[in-house]
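> The primary structure of each chain is shown beneath.
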Amino acid sequence: MMSTTKPAPGKPRARPSFYFRYLVEPYLYISPAFVLIALVMLVPLVIGVSYAFQSVSLLRPFETGWVGTENFQALWTDRKFWLALKNTFWWTLGSIFFQFFLGLGLALLLNTHFYGKRLVQALVFLPWAVPTFLSALTWAWLFNPTIGPLPHWLAALGILSEPYNILGDPDLAMWGPITANVWFGIPFFAITLLAALQSIPGELYEAAEIDGATAWQSFTKITLPFLAPMIAITVMLRTIWIANFADLIFVMTGGGPANSTQILSTYIFTTAFRKLDFGYASAIAVALLVLLLIYAVILLVLRRRLVKI
Amino acid sequence: MSALRKSSPLAVTGKYLALAFYLTFALFPLYWLAKIAVTPDKLIFSEGTAMVPSSFTFENFRTVLIATDFLSYFKNSLIVSLGTAAITTCVAAAAGYAFSRFDFRGKRLVIALMLITQMFPLLMIIAPIYKIVAAVGLLNSLTSLIIVYTAFNVPFATFLMQSFFDGIPKDLEEAGMIDGCTRFEALRKIILPLTLPGLGATLGFIFTAAWSELLFALMLINSNDTMTFPVGLLTFVSKFSVDWGQMMAAGVLALVPSCLFFIFIQRYLVQGLTSGAVKG
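Residue numbers (the numbering used here), protein chains in the order written: chain L, 1291 to 1599; chain D, 1291 to 1570.
The hints are simulated quantities; they were obtained by calculation from the structure and are not laboratory data.
Treat the hints with care, as some may be off.
Listed below are the simulated DSSO-like cross-link pairs for lysine-lysine, each with C-alpha atoms no more than 30 angstroms apart in a straight line [what the hints assert, rightly or not]: (1) D:Lys1325 to L:Lys1407; (2) D:Lys1421 to L:Lys1370; (3) D:Lys1365 to D:Lys1421; (4) L:Lys1565 to L:Lys1376; (5) L:Lys1565 to D:Lys1332; (6) D:Lys1325 to D:Lys1365; (7) L:Lys1511 to D:Lys1421; (8) L:Lys1370 to D:Lys1529; (9) D:Lys1479 to D:Lys1460; (10) L:Lys1565 to L:Lys1370; (11) D:Lys1529 to D:Lys1365; (12) D:Lys1325 to D:Lys1529; (13) D:Lys1325 to D:Lys1305; (14) D:Lys1421 to L:Lys1565; (15) D:Lys1529 to D:Lys1421; (16) D:Lys1397 to D:Lys1460; (17) L:Lys1511 to L:Lys1407; (18) D:Lys1397 to D:Lys1332; (19) D:Lys1460 to D:Lys1332; (20) L:Lys1407 to D:Lys1305.
In isolation and in its complexed conformation, chain L is listed as follows (with noise of 0.2 angstroms):
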């Protein structure tokens, strides 16, 4: 694989023929890229969008083929597969609407002038270095009342009436999961959006200040509107991305307490994993592909309404 990534260009010193610049060349330096993507993502996408419509069922061997639409049939009767629907909705949803404010509040926040801002910048950064699986047992254990905090807090408070965990109330449970998810997340957008900040070129706002405008309305007449659209593209590759994100929530609960955090990735990947059925797991997937199509869609016709830049 190594060896691929370096074309070896014929002789070193003979001037490279006109044939071998322009039409073979490139291929060599992207092949390598290709070739990966194609055999390890792209293959496998449709091998995996085939066993939607097959019953590969590691533990039912015998019992493979061509089934037609009965996956799909068992999923519109599945009553787990529409609580985890409406989950994905919240979990989603919780999940960018905190972490696009927080983190468009951090950014504005780095935007400006103070003391020691470079380490400032590196530790608020921090979380999303954080391995996934760390964040989730980290969070895990702090939402535990023996050893975190958190319960006793949150009783203190008077929002708990007394010290419990949450990960087991299947009311309050899915608040565990967003909560870390928005600690993870909120450097993302501060990181895109604290780049997008930095190219507007400084001069608006100095025209602005001479012309008398206060600090709101450069804000909502300069800043936003250059942010727009990264803000969209943005919100956009994060809501699927965070639909589609499962290790935190596999980790802190499993998708417990009774399917009350449960989303349709962590559905996919417990009934790939837990109970080797690829066939519906797949239909599974195939559903959340098309919903996330769907939204997508949707958002870049938006985008194009009402985005005028």
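Keeping the supplied structure of chain L fixed, place chain D upon it in accordance with the hints.
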């Protein structure tokens, strides 16, 4: 630039309070992890929620490193992450260079295919990957993880590398080529040294991504010898869910490599994204 132009004392106080809130929120969970890790076993329950333990110990780290398999998990994760980062960076640098410098037939198609791989749920291919890997006989091997992770990370790394190459003027290697270098020589001798920060950022980014991947490792590895750190830690947690001090000590150890890399690369990330944003 600054939004707070005529800064009133109230606004300044508010700004520092907000910064303090963000810092606390970001660092408190990590502080707690480290705190429990250095708390002696007998104090964990009696002082469970005290902010600072009354005495410290490194016993938990010692036990984790000597009496458990974590050193082997650590080594496996290091092999997988370094292997993935190195191969991905080479492959992505080549592809990113092609996107940045060449116009070739099928370029748009390749870019579109790469974008597609970033959109669909990765879990969708977990079943086919398992079957393929099992068919080639690579279950429980680190090689399979390196290949799979490399493919997952190549698209993003390619776009990242492309933006770094775009920032380097074309004239540089054209001058080299007029002086008799081949393009590849010019790339190696002139362009690559200039993109070292970009290569470093990409390496670090991919390393952390590979270091924290869990679900595919869980699916493809189930022998104790080849478990990566996430899989090992999770198995440990479900088996010995009462030994808090040791679990958190293991957690702190898992944190070290990715944090080191991150502190090194985070400056380049904002820079790289800024230059991308300027170009639109």
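> Against this structure, judge whether each hint is valid.
Tested hints:
Using a Cα cut-off of 30 angstroms, the hinted pair Lys1325 (chain D) and Lys1407 (chain L) holds, with the two alpha carbons roughly 26 angstroms apart. Under the criterion of a C-alpha separation no larger than 30 angstroms, the hint pairing Lys1421 (chain D) with Lys1370 (chain L) is consistent with the structure, at around 26 angstroms. Taking the CA atoms of Lys1365 (chain D) and Lys1421 (chain D), the gap is near 26 angstroms; set against the 30 angstroms cutoff, the hint holds. Taken as a hint, the Lys1565 (chain L) and Lys1376 (chain L) pair is honoured in the structure, with Cα atoms around 22 angstroms apart against an allowance of 30 angstroms.
Our distance criterion of 30 angstroms between C-alpha atoms is broken by Lys1565 (chain L) and Lys1332 (chain D), whose separation comes to about 40 angstroms. Taking the CA atoms of Lys1325 (chain D) and Lys1365 (chain D), the gap is about 25 angstroms. The hint holds against a cut of 30 angstroms. For a cut-off of 30 angstroms, the pair hint linking Lys1511 (chain L) to Lys1421 (chain D) is broken: about 55 angstroms separates their Cα positions. Restraint check for Lys1370 (chain L) and Lys1529 (chain D): the C-alpha separation of about 28 angstroms stays at or below 30 angstroms, so the hint holds.
Our distance criterion of 30 angstroms between C-alpha atoms is met by Lys1479 (chain D) and Lys1460 (chain D), whose separation comes to about 14 angstroms. Pair hint Lys1565 (chain L) plus Lys1370 (chain L) holds up; C-alpha atoms about 15 angstroms apart against a cutoff of 30 angstroms. Of the pairs offered as hints, the one joining Lys1529 (chain D) and Lys1365 (chain D) holds, with about 21 angstroms between alpha carbons and a cut-off of 30 angstroms not exceeded. For the proposed pair Lys1325 (chain D) and Lys1529 (chain D), the alpha carbon gap of about 22 angstroms is at most 30 angstroms, so the pair holds.
Using a Cα cut-off of 30 angstroms, the hinted pair Lys1325 (chain D) and Lys1305 (chain D) holds, with the two alpha carbons roughly 29 angstroms apart. As the CA atoms of Lys1421 (chain D) and Lys1565 (chain L) are separated by approximately 15 angstroms, the hinted pair is consistent with the 30 angstroms bound. A threshold of 30 angstroms between alpha carbons decides the hint, and for Lys1529 (chain D) with Lys1421 (chain D) the separation of about 28 angstroms falls inside it, so the pair holds. Taking the CA atoms of Lys1397 (chain D) and Lys1460 (chain D), the gap is near 19 angstroms; set against the 30 angstroms cutoff, the hint holds.
With a C-alpha separation of about 27 angstroms, the suggested pairing of Lys1511 (chain L) with Lys1407 (chain L) holds against the 30 angstroms cut-off. About 63 angstroms separates the Cα atoms of Lys1397 (chain D) and Lys1332 (chain D), which puts this hinted pair outside 30 angstroms; it is violated. The hinted pair formed by Lys1460 (chain D) and Lys1332 (chain D) fails the criterion: a straight-line CA distance of about 65 angstroms is larger than 30 angstroms. With a CA separation close to 13 angstroms, the supplied pair Lys1407 (chain L) and Lys1305 (chain D) stays within the 30 angstroms bound.
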